[in-house]
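All chains should be modelled from the sequences, with the hints used to inform the complete structure.
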Amino acid sequence: EAEVAQSPRYKITEKSQAVAFWCDPISGHATLYWYRQILGQGPELLVQFQDESVVDDSQLPKDRFSAERLKGVDSTLKIQPAELGDSAMYLCASSLAWGTSGVNNEQFFGPGTRLTVL
Amino acid sequence: DAKTTQPTSMDCAEGRAANLPCNHSTISGNEYVYWYRQIHSQGPQYIIHGLKNNETNEMASLIITEDRKSSTLILPHATLRDTAVYYCIPEITGANNLFFGTGTRLTVIP
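Chains as they are written, first to last, in the numbering used here: chain A, 1 to 118; chain B, 1 to 110.
Heads up, some of the hints might be wrong.
Stated by the list, open to error - On the chain A side, residues computed to face chain B include the following (Cβ under 8 angstroms):
(1) 10
(2) 45
(3) 48
(4) 88
(5) 91
(6) 110
Source of the hints: derived by calculation from the structure; they are not laboratory data. Heads up, the beta-carbon is just placed ideally off N, CA and C, and yes, glycines get one too.
So, in structure tokens, the structure goes:
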């Protein structure tokens, strides 16, 4: 069964350092999402791509976070500089379609990257 | 935004049915209700979704009230592997992503 791949699974960094996370969605999925999940809370959307275009980055802290999906396939999320409050699980998800209801809106999640900022 | 209310936590005996309620009184129009779950240290997993009619798949059943203001996810024979946080997520028209709340932490007890 096709899966969303993410790497690394775990990352420990010091504050003020730069970190990057990678996501490879399920083949053929045009929509890609990055979520952040703080311990004890549900995931919150950071950025959503349709192919290579950003369709929603309203919750992305753009002073330190950036995301790209240059060829409309895999994606990278970067934090520079990292802060203590960035410690969280970063989840990538993909879906077949965007702008429709029902089954095509099902999102498939990767295992996540757990970031610890010291 | 659609507001949901779910119990913070629930317990269920192994082999019994787990019934997880959700209130989504502000859902409107043709907005679906999605259910996802998240097992510890894993990404969320889609379970089921519905609009007006009750739905069933290999994982669960979804019962939606006639006024659509609430729904119940039913796991007919809970196993230890069903221990997870269950999220009830009403769709929001014009927003094409999922708004997770804090969900219900279901613990299946041997």
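Against the structure, the hints come out as follows:
{"no.": "1", "hint": "10", "result": "11 angstroms, violated"}
{"no.": "2", "hint": "45", "result": "5 angstroms, holds"}
{"no.": "3", "hint": "48", "result": "5 angstroms, holds"}
{"no.": "4", "hint": "88", "result": "13 angstroms, violated"}
{"no.": "5", "hint": "91", "result": "5 angstroms, holds"}
{"no.": "6", "hint": "110", "result": "5 angstroms, holds"}
In summary, the numbered hints that this structure violates are 1, 4.
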